[in-house]
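**Q** Spelled out, the chains give:
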Amino acid sequence: METKSSSILENLNSQEYKYGFTTELETDSFPKGLSEEVINRISRIKNEPEFMLEFRLKAYKAFLKMTEPEWALLNYPKIDLQDVIYYSAPKKKIGKNSLEEVDPEILKTYEKLGIPIGEQKRLEGIAVDAIFDSVSVANTHKKALAEIGIIFCSISEAIQEHPELIKKYIGSVVPHTDNYFTALNSAVFSDGTFIYIPPNTKCPLELSTNFRINTKGSGQFERTLIICDDNSYVSYLEGCTAPAFDENQLHAAVVELVTLDNSEIKYSTVQNWYAGDENGKGGIYNFVTKRGKCAGKNSKISWTQVETGSAITWKYPSCILLGDNSIGEFYSVALTNNMQQADTGTKMIHIGKNTKSTIISKGISAGKSSNTYRGLVKMGERAKGARNYTQCDSMLIGSHCRASTVPYIEVEGDSNRVEHEASTSKISEEQLFYLQQRGISLESAIALIISGFCKDVFKELPGEFAAEANQLMSLKLENSVG
Amino acid sequence: MPNLAERNKNEIEFIEQIFRASSSMLSEIPNIRSRQETAIKRVTELGFPQKSSEDWKYYDSQPILENFFTLDICEINKLDKEIIRKHRFPECSENLLVTVNGHFSKELSSTSLTNKNISIIDFNDPDQLKKHPTEEEIINQHFAHKINQEDSFFKACNTALMSNGFLLSVPDDTEIEETIQILHFSNESCFNQTRSLIHLGKNAKLKIIVSYIGLANSHFVNNAVVELILSEGAHFKLDKIQDDTQQGILLYDLYARLMKNSNFEYNSLDLKANHSRDNIKVDLLEPGANAGLAGFYILNKDRKAHNVIKVNHLVPNCTSNQLYKGIISDSARAEFNGEINVSEGANGTNATQLNKNLLLSNTAHIDSRPQLKILADDVKCSHGSTVGELDEDEIFYLLSRGIKKDDALAMLTLSFCEEIIQKVTIDSAKQHIRNLTLENLDTTIHTANTVHKLK
Amino acid sequence: MTETILEVKNLEANLEDGDKILKGLNLTIKAGEVHAIMGPNGSGKSTLSKILSGHPAYKVSSGSMNFLGRDLNELEANERANLGLFLAFQYPLEIAGVNNLEFLRMAYNSKQKYHGLEEADPLDFDDLVESKLEILSMKNDFLNRNLNEGFSGGEKKKNEILQMLILEPKLVVLDEIDSGLDIDALKAVANGINAYKNTGNGVLMITHYQRLLDYVVPDQVHVLSEGRIVLSGKADLALELEKKGYDILNAKLS
Chain A
1 METKSSSILE NLNSQEYKYG FTTELETDSF PKGLSEEVIN RISRIKNEPE
51 FMLEFRLKAY KAFLKMTEPE WALLNYPKID LQDVIYYSAP KKKIGKNSLE
101 EVDPEILKTY EKLGIPIGEQ KRLEGIAVDA IFDSVSVANT HKKALAEIGI
151 IFCSISEAIQ EHPELIKKYI GSVVPHTDNY FTALNSAVFS DGTFIYIPPN
201 TKCPLELSTN FRINTKGSGQ FERTLIICDD NSYVSYLEGC TAPAFDENQL
251 HAAVVELVTL DNSEIKYSTV QNWYAGDENG KGGIYNFVTK RGKCAGKNSK
301 ISWTQVETGS AITWKYPSCI LLGDNSIGEF YSVALTNNMQ QADTGTKMIH
351 IGKNTKSTII SKGISAGKSS NTYRGLVKMG ERAKGARNYT QCDSMLIGSH
401 CRASTVPYIE VEGDSNRVEH EASTSKISEE QLFYLQQRGI SLESAIALII
451 SGFCKDVFKE LPGEFAAEAN QLMSLKLENS VG
Chain B
1 MPNLAERNKN EIEFIEQIFR ASSSMLSEIP NIRSRQETAI KRVTELGFPQ
51 KSSEDWKYYD SQPILENFFT LDICEINKLD KEIIRKHRFP ECSENLLVTV
101 NGHFSKELSS TSLTNKNISI IDFNDPDQLK KHPTEEEIIN QHFAHKINQE
151 DSFFKACNTA LMSNGFLLSV PDDTEIEETI QILHFSNESC FNQTRSLIHL
201 GKNAKLKIIV SYIGLANSHF VNNAVVELIL SEGAHFKLDK IQDDTQQGIL
251 LYDLYARLMK NSNFEYNSLD LKANHSRDNI KVDLLEPGAN AGLAGFYILN
301 KDRKAHNVIK VNHLVPNCTS NQLYKGIISD SARAEFNGEI NVSEGANGTN
351 ATQLNKNLLL SNTAHIDSRP QLKILADDVK CSHGSTVGEL DEDEIFYLLS
401 RGIKKDDALA MLTLSFCEEI IQKVTIDSAK QHIRNLTLEN LDTTIHTANT
451 VHKLK
Chain C
1 MTETILEVKN LEANLEDGDK ILKGLNLTIK AGEVHAIMGP NGSGKSTLSK
51 ILSGHPAYKV SSGSMNFLGR DLNELEANER ANLGLFLAFQ YPLEIAGVNN
101 LEFLRMAYNS KQKYHGLEEA DPLDFDDLVE SKLEILSMKN DFLNRNLNEG
151 FSGGEKKKNE ILQMLILEPK LVVLDEIDSG LDIDALKAVA NGINAYKNTG
201 NGVLMITHYQ RLLDYVVPDQ VHVLSEGRIV LSGKADLALE LEKKGYDILN
251 AKLS
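Residue numbers (my numbering), protein chains in the order written: chain A, 1 to 482; chain B, 1 to 455; chain C, 1 to 254.
Treat the hints as calculated values from the structure; they're not laboratory data. Computed from a prediction, not measured in an experiment: that's the story for all the values here. Everything hinted at is true.
Not the full set, but computed from the structure, chain B residues with beta-carbon under 7 Å of chain A:
#1 L360
#2 S361
#3 H365
#4 I366
#5 D367
#6 R369
#7 Q371
#8 L372
#9 L375
#10 D377
#11 C381
#12 G384
#13 T386
#14 V387
#15 G388
Quick reminder that beta carbons are idealized off the backbone N, C-alpha and C, glycines included.
Produce the complete structure using the sequences and hints provided.
**A** Shown next, in the form of structure tokens:
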């Protein structure tokens, strides 16, 4: 039965991507291509200590022997890594100490993105690190944080100023040999965020990084490392946008989190990279490895992600629950529309005793998109009393999209428990009619049902970001039929 | 063609052995023969299953390679009638089919079967085929269906190497009331190819209970393939019991194709195999078809059970259910790998999938993968998986009523599997399954009991 | 002169590419009137309620539906609602994750906005809801649950009446509001309806049974059969139907 609301659901289209503008800037960019020389140059430009160059070259050697993974339910042409720019930075001097030194064009860009980084316009309660192509261009609230011993800076800066911490932790959660993309990232990463929270400190601000890919043809290979020392807490949020280009752009990041005894990291992502147009032209290829290690006892790592952008998403934020009684959480909303493809989920590796994990995944597919949840729950015999609860729900909008659920549950030992539930649903016409009969417009009715579907995840987002996420969902699904 | 140079010596030898053996197995019947020839080609193209493939990720096929089973036709030993009597369910004494090492045995099967408006045709008997043109047509149409696209190595092996098998066919509008029992015996060192084709005509009804039995302490592989076609409105129920000695390996491949409003019920009871692998594929080809798949596995020592299930909803308005339950102790391992595939346009699909496991020792292992792959929006699909131990509160409740701990544990464990046992058609089979379960549990419960005492 | 709220003339309607369900239906409801429609299963009772409120699965092929001077056929379901047409569903839908109170406020504010009135802030709205809850003897925690999710049959029906009281419609269509209710819930629902009805609005009750009509007394009773109103009368017609069944139709019509 072809009725009005069903035809509207069939034709849901994302509203024009509002962050798709380009900033005209003079940049220092390497020519396209990957080689040992490129890696040497990156390291030299950044004036890195010897151990970093060694780390990069070792990763590059391993990378040369690896192949692109093929097990995901993703279909895309092979990425030509020689067609990528591995380093691109705004030419004007980067003023890390005073914002007057920041190129006004960049300041304008961030204002357009709704992220004021100028001194006067700082966001209340949030410290921001702004990463533009390959480098960090601004970092707010740094001094105030330093006074209580918190280090919040770009990873390049941390390599210079805190080499002992970098040396100890980089690659300790995600070894460079982990997969094809981590090896690549370890070899060529250009910047990223570094956070260290000292013992007995609850970080008073939300820490946040905004990633912006600007230059055409440039890849973004950022590296984030967050360490939360004993009895500490930090909440971190990242946002991502990119201009709308016809070509695909590669984003291959590595994020490592470490929590020591009784500490907690809450990591939230609102990913709104450019998704390509409705015919699948352009958009970001997002191949990201995010992993946290609950190294200390009673520690906790919580991932919350809202994935709406990217032509391709390949991303599994994971937790290694090493410390006894440690807790891992993964809350995810992944929305795909048009020709987008997402293969995303998590791994919860239970090693310590009485470790617990929770996975809540909500996938929404519309248009001709494909949305896959892929998740591993693994419990070894040492993990006595381990518990996992997983809930994966999919919602299909229209009849040309695909939703898949691919869990891997591997359990050993008689005191471990796993519970996995999943369901698939659609927005029913009867539901829409019910809401419309109460005077709510069709668009609002769809938005209301979707926000209800995502509620369990959005409530994990810090403060006003939940409202923002709701709005983002509506924008992405706004219909053009009217 | 896989690069044989990359494969280990055993694999190359195995495939070469199949090649050599197959030439002497070719059927005289042209339609079967040509498919066997295609199958041999598929065997070499596919190569031995690798762990890198998602479907074989958790399966260790080394024991098959390492034991050097003979692929030649195993000599048909004279079977003691006593053994048959032991495994035969009294309800089925008049409706018995027997195969030994993959060979259909007319002498051991009941003769009264043919009076029941049901055809049992030996694949390897050209004379018999000539007399039954309808059945010949069924074989031509359905035997080794789409063998040129076959993706299972072992099924291709079976087609290439089978020297004997049977068609069981029920004509339109015929209901066979009695349950038919099929006993498959295997003995020492054989890699047996057991093959059957089951065809139900329109609105036909049939119930079968199958047992795979190993003869005393013998090592063997039983590579069984069943092809099943249910015409419009047909009802078929199949109970499969693995009643082997603990040395056997059972590879069981069932491919069912369901037409309009047909109904297929399958219950797999894995009680004794050393290791077993069920490869079940169900294609729901016309609207209104319904498939209910259930399984129960009880594993101890280092036994293994693998259930790999694909239910394909290809058209609108079909239903399917999967319910698999397992009890795993010692260092046994189980895999549940169930998939629901809903094709584009298959609206009105209603599919469920549930896997529940009890782990009773610290080295017991389960890999559970309930998967959904959905390409239609108007569907109801759900799946679930649980792994756990016996509920402490339930144990306590029974203890507080004065029940002994061993009995309480046995009671709760048995109640866990009773849901599946209840589905079996024949009462004496149910009791037999309960007995075997309890026998298995005996050692298990002692282990479990110690664990609980330590807590 | 009393205001006409609903005027349906020669209405014919069918399922989108399906059978004709309404075959020339006439019905006029004036302000202050309570009408009841009864009729055997499959006579088109529920369909009528859905067509009036604009369900997308049905198509009007001829005839007219006039609501407060507007042609209903030209309005979307939500516009009809905003104008003051309220349908209490026979099977209210469950919507996961949507808070009942927030939903109520959203619906209320949609109407306010439509009429160019000020939208209610959460605090004012809370007060409004509290006052209505009392009429239905409902508990406060009801509001913090998800919309109809996990509600019992009675709770769902009460929630429909609560929505009605808050939206203050001009015409309320109650589609088998009495089905699945125990006697206490039935009384609470009837209380709600009686509290709502006044000289300025109209009620259309669709029901199988006389039971509800003991509590909410209709001014007119209509019998719907095969897509048309075949018999109309006063409240006693319902009693007669209850006693003798729909067989009397044949007797009366022949």
